[in-house]
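At position 221 of the sequence shown (counting the first as 1) the number is 226 in the working numbering, and the numbers step up by one without a gap.
Since the hints were made in silico from the structure, they are not lab data. Incorrect hints may have been included.
[As the list claims (entries may be wrong)] Derived CB-CB ranges, DEER-like:
#1 67 - 223: 19 to 29 Å
#2 46 - 122: 35 to 45 Å
#3 141 - 90: 27 to 37 Å
[Claimed, not checked] Pairs of lysine to aspartate or glutamate, DMTMM-like flavour, derived with a Cα cap of 20 Å:
#4 12 - 68
#5 129 - 83
#6 192 - 211
#7 198 - 186
#8 47 - 82
#9 181 - 201
#10 224 - 190
#11 32 - 83
#12 192 - 137
#13 12 - 95
#14 59 - 110
#15 152 - 68
#16 154 - 73
#17 149 - 138
#18 32 - 110
#19 53 - 35
#20 59 - 49
#21 198 - 221
#22 59 - 73
#23 53 - 82
#24 152 - 201
#25 12 - 73
Using N, Cα and C, we set each Cβ at its ideal position, and we do this for glycine too.
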Amino acid sequence: MAKSDVKLLGAWSSPFVMRARIALNIKSVDYEYQEENWLVSKSELLLKSNPIHKKVPVLIHADNPMCESLIIVQYIDEVWSSGPSILPSDPYDRATARFWSAYIDDKWFPSMIAFFWGQEEDAKKAAIAQMEEGLVLLEEAFGKCSKGKAFFGGDRIGFLDIAFGCFLGSLRVTEKAGGIELLSETKTPSLSKWAERFSSDIAVKELISDTDKLAEFGKKLQAKMTANN
């Protein structure tokens with residue numbers, strides 16, 4: 006596949022863009038990457054390719070745009086089927102991976118957002134409690150999904166690894182901002198070891214953002230959102 010046939014519109018700070026980039030790396034797809042400085046402005050190509058949500062990531066393949074990170078990951082897995090599989094082959098395992106991915110996006114990640122946007126200390130404490138509760142559930146899910154292997158997906162990174170692992174940078178920023186430890190050897194020993202393996206994987210390690218840089222971006226984002234309100 007020619008590089009010009011595959012293009013990804015993204016932003017370095019976005020965990021959702023990271024999902025698409027990890028999947029492309031796993032499949033060894035050669036692609037063109039266009040960085041969107043969406044805090045300043047959005048490109049015409051982005052607005053044209055995703056007119057509904059107007060956000061990254063957008064994968065453009067043979068002039069056809071795809072939006073929403075997990076949909077993109079599934080598309081990549083289906084189109085470049087000769088590479089390592091991302092979604093489990095077993096229907097039940099596949100459904101389970103999708104269930105927990107939806108839980109992460111719909112339940113767990115919003116608690117992280119609530120921590121950063123919470124104005125009152127009680128609200129922040131409640132958000133931390135929700136994150137911790139979710140991590141305990143994901144610790145249990147890891148034991149069942151991994152079946153004693155290195156990743157949620159088994160011997161190699163899979164769909165649920167990508168869905169959750171993209172937030173590790175944001176998790177580290179949260180730990181630093183709150184002076185807390187969310188992933189630990191005592192409370193979440195399996196996830197703690199998994200996070201190290203995930204972050205050092207060849208498909209991932211070059212995409213991990215520096216914690217301080219990510220934290221600084223978060224401050225700029227908060228300032229912009231506050232100014233717009």
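* 20 Å Cα cutoff - pair residue 152, residue 68 -> 40 Å, violated
* To do: Assess, step by step, whether the Cα of residue 198 is no farther than 20 Å from the Cα of residue 221, and give holds or violated.
  => With Cα atoms ~27 Å apart, residue 198 and residue 221 exceed 20 Å; violated.
* Asked: Holds or violated: are the alpha carbons of residue 181 and residue 201 at most 20 Å from each other?
  -> Given that 20 Å is the threshold and the Cα spacing comes to 18 Å, the pair holds.
* **CB-CB spacing for residue 223 and residue 67 relative to the 19 to 29 Å hint** => Once the Cβ atoms are compared, 36 Å apart, the range 19 to 29 Å for residue 223 and residue 67 is violated.
* Sort out whether residue 110 lies within 20 Å of residue 32, counting only the CA atoms. => 24 Å, violated
* Has the given pair, residue 192 with residue 137, been kept, meaning a C-alpha gap of at most 20 Å? -> 9 Å, holds
* Asked: When you check the alpha-carbon spacing of residue 32 and residue 83, does it fall within 20 Å?
  -> Cα-Cα ~10 Å, so holds.
* Asked: Going straight from one Cα to the other, do residue 59 and residue 73 come out at no more than 20 Å?
  -> 11 Å, holds
* **Whether the CB-CB distance between residue 141 and residue 90 falls inside 27 to 37 Å** => 29 Å, holds
* Asked: Are residue 129 and residue 83 close enough, with their CA atoms no more than 20 Å apart?
  -> This hinted pair is violated, its Cα atoms lying about 40 Å apart.
* To do: Assess, step by step, whether the Cα of residue 12 is no farther than 20 Å from the Cα of residue 68, and give holds or violated.
  => 9 Å, holds
* Asked: When you check the alpha-carbon spacing of residue 149 and residue 138, does it fall within 20 Å?
  -> 17 Å, holds
The structure is inconsistent with the numbered hints 1, 2, 5, 6, 8, 10, 13, 15, 16, 18, 19, 21, 23, although it conforms to all the rest.
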